[in-house]
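Protein chains in written order, with my numbering: chain A, 1 to 457; chain B, 1 to 457.
Warning: the hint list may mix true and false statements.
Covered stretches of chain A (in silico footprint by chain B; criterion: 3 or more residues with CB under 8 Å from a CB of chain B, positions within the stretch not fixed) [stated by the list, open to error]:
#1 140-151
#2 335-349
#3 379-392
#4 398-408
Please keep in mind that the hints were generated in silico from the structure rather than gathered at the bench. For every residue, glycine included, the Cβ atom is placed at its ideal position computed from N, Cα and C.
Chain by chain, the residues:
Protein chains: 2
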Amino acid sequence: MPHDTALNALSQLLGERFSLSKSDLAAHGQNETYFADCPPEGVAYPETTAEVSEIVKICAANDCPVVAWGAGTSLEGHALAIKGGIVLDFSRMNKVLAINAEDMDAVVQPGITREDLNTELRTTGLFFPVDPGANASIGGMAATRASGTTAVRYGTMRENVLALEAVLADGTIIRTGTRARKSSAGYDLTHLLVGSEGTLAIITELTVRLQGQPESISAAVCAFDDMDTAVNTVMATIQMGIPIARIEFLDAASVAAVNAYSKTDMPVQPHLMVEFHGSEMGAKEQVERFGELVADFGGHGVKWSAKTEERNALWDARHKAYWAILASRPGYKAVVTDMCVPISRLAEAVAETQKDIADAGLQGPILGHVGDGNFHAILLLDPANPDDLTRAKEVSHRMAERALALGGTITGEHGVGMGKLSLMPAEHGHAWDVMGAIKTAMDPKGILNPGKVVRPA
Amino acid sequence: MPHDTALNALSQLLGERFSLSKSDLAAHGQNETYFADCPPEGVAYPETTAEVSEIVKICAANDCPVVAWGAGTSLEGHALAIKGGIVLDFSRMNKVLAINAEDMDAVVQPGITREDLNTELRTTGLFFPVDPGANASIGGMAATRASGTTAVRYGTMRENVLALEAVLADGTIIRTGTRARKSSAGYDLTHLLVGSEGTLAIITELTVRLQGQPESISAAVCAFDDMDTAVNTVMATIQMGIPIARIEFLDAASVAAVNAYSKTDMPVQPHLMVEFHGSEMGAKEQVERFGELVADFGGHGVKWSAKTEERNALWDARHKAYWAILASRPGYKAVVTDMCVPISRLAEAVAETQKDIADAGLQGPILGHVGDGNFHAILLLDPANPDDLTRAKEVSHRMAERALALGGTITGEHGVGMGKLSLMPAEHGHAWDVMGAIKTAMDPKGILNPGKVVRPA
């Protein structure tokens, strides 16, 4: 094996918490979408930051790649050890270290999942708002700059990470940011690491913002006769400044899949799923204004869910939409695309994408966090037909080009990983070289998640 | 002169727009606080990004420092050419290039001031929310990660810059970010440049977020018998989640100075100045809730200003508080400190600072953006007594150490410049070396605003 010295040293350091078992390697070589399996050479389960530092020092001394692993829910192959080396599994670093209720922040280890964090917060009147759907780890969400259904109101991981502890490529431990809500003290290393996908440093602790549980929450679904009307309703909602907490679009195909999977009974038409947070009076006012907009745009079939269980069922159905769509074609895999445009260009972006998918002869339900101008197509692939993957990648590539042409970005929330690497020059031009220069400055040996984000050496 | 070759080439390139006049050099060697005058060797007035690129190429070829200059309102000597070289004055690059009302963003050149931008936006129903008081340039505000009175509601420049165009140290032009509201496409170079004080690249264009003019605005002042009660009212307001748009603290000494300067008649007691933005109903609800809190905490003398002129007069008085305090001691200069702590530590931070100033035998009114945990002391200096500056710097240094001990930052909004450089290791530890490595990677010759932010070479 190419990294024997490192593997031996890691076994010495971690004992049973360094695994070479085939099942462990296989489990850490999988991904949620279409990338080929790629097992690492070993899996380390650190329990402290000091251990992470020691591990990285060993890897640095032996030119052994290190790939951080949270919950394994990323969609672009981020956590695959494509250049060999080890995976650092953070499942044992999953504690809440402090809840500062008065300051509405919490200090957590990277391995905690967002659902576990919110369970721990339940008695505080506070919650962690970022919700990508998957029960991802907070560390992984920071590393990919995740967002999801609530970003339209509460922001993405960019807005919700205040401070980090991280281990550099030589094992040095640094801290970035503080618990103060703002700072002008030098370069914003926190935001440099958020979204860096484990290529610049390994996040070992996070200070995240919390939000107060709203006094009042209302949710609803409503149907539209066509996609344009639904999307125009979204654009008007955002432009009127209604502080909507969630506004999700599902096209008719997504609705059909969700109905079958989650036993819902929505008419098979484009839908919006929405949620409002506020004071009793504030949420009521938002609901009324949104209701007026829906009526103006010809939406119908509005169903309100004020009860917690109904709301939970609604968002559970939404979160399972990916699995619902996969289940609609047993045995299929999917290319899950992700593009984000300025809100004024959303309707044309969705319409052109729908047409492109149809022209390519693919099935690809469209859904997404349209309040941010962000949406996905789940491009279904018949494994028996290898041409499907080729055509899906072509559609995905054209979606990214379309996003750029409309003033947007090739990925709103999924990140670069392996899937979007080839599109980075198109979005960034010379700025991609700046990213490469920063990578070289911070990780000269290229041991941190090599092959991702920056131009391959 | 040490950079004759560069100066000659710049004269050739820019003609009359490259100035060597004594008055021009002197005007660009001044600052708003206590730093010694430091005229540059020349002042360039570029009109296009291409010109900025050419200028930087000339400077790079001749190892000539380049310091970007906006409105000259920074408080830590950021724009002083302390290693010689030229100042790039952006006053001719002051245009609004695009207003995308549907997407609530604008594309501007760096030299436009925030007041001029808001004047241009007046007919759109939108406004640019960041308000540091001074009529700073948008480029300078981005470079120092400025904030001010409205950050508690709308965020700082960190949250309000979507994308940048910038010139690198070798003259290359890059673009960072897009008009999409979020992105996971690689390292967040936009947020690396915001707050980098012109040391990594020179910002030549900015895409900024805009906000809808609120339906309803109410403002008020209220008095408190002591500082603690006022600050506790602020903490409760934030913790209750009232979406207050501005909440400013002025101690009794600040109030006395403002009364004398702006002809206001506030009782000489600690005050809060507040503003609420929302729908008619929403703003009314906020006002009621805040009113209840003020009563609970024993505040009094609440004066509401619903009329635009009254509100403008109120905020004009607040914005002139620095000048009012300077005018209270004719001929004095000031060290303007800036610290920011988690909101739960605000009361003790203010109390200890007040005591420290008194113990040092200085006059130092305290005021600030307390909703962010951010406040300032204006430490007055008698130029006839050089010991004042020594003691003021000592107080300022202890304030920064206090901020760190309380989990905060050495500067919430003023930046590092020259004044806070020596405190950077205390806040950042090894992370300061990472900043240095990034600086070296992006500006290997060290020509961009040398002597600021990172460890001097």
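Okay, the hints, checked on the actual structure:
Judged by the Cβ-Cβ criterion of 8 Å, the region 140-151 of chain A is covered by chain B as claimed, because 5 of its residues qualify and three suffice. As drawn, the region 335-349 of chain A meets chain B at 6 residues by the rule of a beta-carbon pair under 8 Å; at three or more, the given contact holds. Interface restraint, the region 379-392 of chain A with chain B: violated (0 residues with C-beta to C-beta distance below 8 Å; minimum three). Counting residues of the region 398-408 of chain A whose beta-carbon sits less than 8 Å from any beta-carbon of chain B gives 4, enough to reach three: the coverage restraint holds.
The structure does not agree with numbered hint 3 stated previously, though it agrees with all others.
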